[in-house]
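So you can see what is in the structure, the chains are spelled out below.
Number of protein chains: 2
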Amino acid sequence: MGARVRNSEKETAAKSGEKTAAEKGLLGRRALLQKALLSAGVAAAGASFAHADDDVGTNAPDWMKTPGRTFTPYGVPSKWQEKVQRTIANPPGRPGTGVSRTPLQRLEGTITPAGLHFERHHNGVPDIDPARHELLIHGMVKRPLAFSLDVLLRYPMETHIRFVECSGNSGGYNQAQPPQATSGEINGLLSGSEWTGVRLATLLNEAGVAPGAKWVIAEGADAAAMSRSIPLVKCMDDAVIALFQNGEAIRPEQGYPMRLLLPGFEGNMNVKWIRRLNVTDSVVDARDETSHYTELMPGGKARQFMFPMGAKSLILKPSFGMNLQGPGWYEVSGLAWSGAGRIAKVEVSKDAGKTWELAALTAPVLPKALTRFRLPWDWKGQPATLMSRATDETGDVQPTRAAWVAQFAVGQGYHFNGVQAWGIEADGTVKNVYA
Amino acid sequence: MGARVRNSEKETAAKSGEKTAAEKGLLGRRALLQKALLSAGVAAAGASFAHADDDVGTNAPDWMKTPGRTFTPYGVPSKWQEKVQRTIANPPGRPGTGVSRTPLQRLEGTITPAGLHFERHHNGVPDIDPARHELLIHGMVKRPLAFSLDVLLRYPMETHIRFVECSGNSGGYNQAQPPQATSGEINGLLSGSEWTGVRLATLLNEAGVAPGAKWVIAEGADAAAMSRSIPLVKCMDDAVIALFQNGEAIRPEQGYPMRLLLPGFEGNMNVKWIRRLNVTDSVVDARDETSHYTELMPGGKARQFMFPMGAKSLILKPSFGMNLQGPGWYEVSGLAWSGAGRIAKVEVSKDAGKTWELAALTAPVLPKALTRFRLPWDWKGQPATLMSRATDETGDVQPTRAAWVAQFAVGQGYHFNGVQAWGIEADGTVKNVYA
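Sequences listed follow chains A and B, in order.
Just so you know, we're using our numbering here: the first sequence kicks off at 1 and counts up by one.
Just so you know, we're using our numbering here: the second sequence kicks off at 1 and counts up by one.
Watch out, some of these pointers could steer you wrong.
Remember, identical chains collapse to one label, so a pair may be satisfied in a single copy or spanning two.
Said to hold, decoys possible - Calculated lysine-lysine pairs in the PhoX-like style (CA-CA distance at most 25 Å, straight line):
no., residue 1, residue 2
1, Lys142, Lys24
2, Lys354, Lys317
3, Lys234, Lys24
4, Lys301, Lys142
5, Lys79, Lys234
6, Lys350, Lys142
7, Lys24, Lys214
8, Lys380, Lys350
9, Lys354, Lys301
Since the hints were made in silico from the structure, they are not lab data.
These numbers were taken from a predicted model, which means no experiment stands behind them.
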């Protein structure tokens, strides 16, 4: 076919003056074929509508009438999205200690933008000169080795999509009354990224682990020298020295220029700004595995070293702060994950756990990664209680909140993975409820 | 095990004073078991090193001696990464027209950070108020429909990792002499993202496509009213109205608040700021499918409507600007993709195409998505010519550059997918070569 050159852009723009009566799209009630959604993830739509006299074609909007802005070397979100931020919580006078949480309910898919990845710092974010940073592997090894960033960049790399979750995430569910806050404010110590780096086993094998070694003490280069004892078996399994997050160099608050990534293990062990790995035969009893990150049990004892995060799920749409706008079709959507592997299924209840339906899982379902689940819902305007319940490939099932709470001393909030519930009122208001 | 509370952080920090002699890690020559890399993606490492007297443990670095900075609502890359930017190219006096390219050789994995996704604008980036933007579906439909952002957010969503590539990408390879520039500067009109949105077929079915309809004219809400004719069959297949990119709302330069995503089709057709879809029985012959984005053939004809992007691959490590630092082990790594589906294999040649080896593909290998390939290379210091050749699941194989060029008139640069070559000189310098 020959090229037909004609300036059709002008013509097309002129068509903006057409008067076009258009209805407002909104899924008809008979629209969503649930079977199709569960298999292919898509539904055909029906044909009943509320409004019939829109006029969008009449005038071109202002932003089509003048040239837009130019190119940028590094882009940022729209100014209309400025409320989509991390929620910061830290004690007065201690700017480097605390957390910031990912606004999960504002996001979609399974990747967390690096700028919104949750933070947990113990003495602030260090400003590390990558040319002066080294990772030392020492202790019970045949030969201590120091790795500069330039050297690590020559090693074989691996890329995996993984979640990181703080073991204190969702700890607010240990309160007597359900916190009335957004899902991100309660559950936002959770993020998912594509991580790329060097398999730690490669480096440990190069150093030569001595017989009798059982632990690796990981230390960060922050002003807290944040340290944790890691089982050697995990370090020789799927642990990675991560250098890249979502394609680019790891962000400063995630450990620039390198962090330890222990897929499925509680966030605190994924030591950021990783500086030293001391191979030993015993644990170091660091502050963050004794005074913190241990689980208080009934009877005054504490449980130490609960490493993997359990099977868990959250409904994000709808959720607190996102009230329903009248009866009709909605998509119930959220995230599920497990530190033990892949999510096998997510069930959703719309009646406080009396009955459950299977949600569709967005492919690919990856191990130790966030999995998006979706289920259509034709809300008739009745009060309802929404719950989700994840099961992982090892058979681990999310317990009820009551069963979870009963295991621990009052106030223990680490490793919460109980079923969560949103109460929907007749006017569409969404509240956090214990059910 | 009971909790043992002790301030180990201080002890650990004190250990920074230890004197630890450490060698510099660098993979031994017998380290990389290629078989293991191809299967599991990881290699054990060997035991020969160059240096033996590092002293990294002697002193804690400066950044451990004072508290780091506080939390941020939305994070940005490290200041040490400020050179990792898009490369902007636009004509003098026309700030809204041109491209910016992704610095592919600086990135890893398969996801492009949204801030570094390539741009192609025809009259700048419009500043669209999402509350005033609507998508109109009209023309040969039973009922025209207008969709606000709020309404679309109630529809069933889908999430897919897909690439977008400008059909002019790598056009520089049509030059008589190989451009001496970075891979991103040559090939950076290519990016990969996790996109989430509403299947277009759902919306078209709701509007009700009339018999005889064959095309959909897509128009953007930019000041160029950028328009393309899209086959209806594609719109009813895997096309999506994308609202989210890498988890968050689409960035302004990618089409905020919504864009058309046509997986595998040339970038220009994935109309940003999508405003109208006019269902018709014929093409509109818009400027960007007549004067642009057509392929000049021998004999003065032009080929129009070459929609899908062909099977293609790039070696990014090493590449121009990233010279080898002496003999030893390196990882050869790059990206492969195809508009027709999944990548089936990537072969790498280290001898200008005489012999080929299979590279390892990073799982999951997804359709119409960037796939990372990796292969270890023990460079002995000899001059070498590196090439990669992708084959997709339909059997499409990257042609040689010479075969690709021979199809077209001199100077035609759209849809380049020929094999590319990096010449490695004995001193480690990497040059772009035609081989």
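Hint check results:
no.	hint	in the structure
1	Lys142 x Lys24	between (71 Å within a copy, 14 Å between copies)
2	Lys354 x Lys317	within (20 Å within a copy, 55 Å between copies)
3	Lys234 x Lys24	between (54 Å within a copy, 24 Å between copies)
4	Lys301 x Lys142	neither (39 Å within a copy, 69 Å between copies)
5	Lys79 x Lys234	neither (43 Å within a copy, 33 Å between copies)
6	Lys350 x Lys142	neither (59 Å within a copy, 35 Å between copies)
7	Lys24 x Lys214	between (64 Å within a copy, 24 Å between copies)
8	Lys380 x Lys350	within (12 Å within a copy, 65 Å between copies)
9	Lys354 x Lys301	neither (36 Å within a copy, 68 Å between copies)
Figure legend: structure checked against the earlier numbered hints; hints not met, in rising order: 4, 5, 6, 9.
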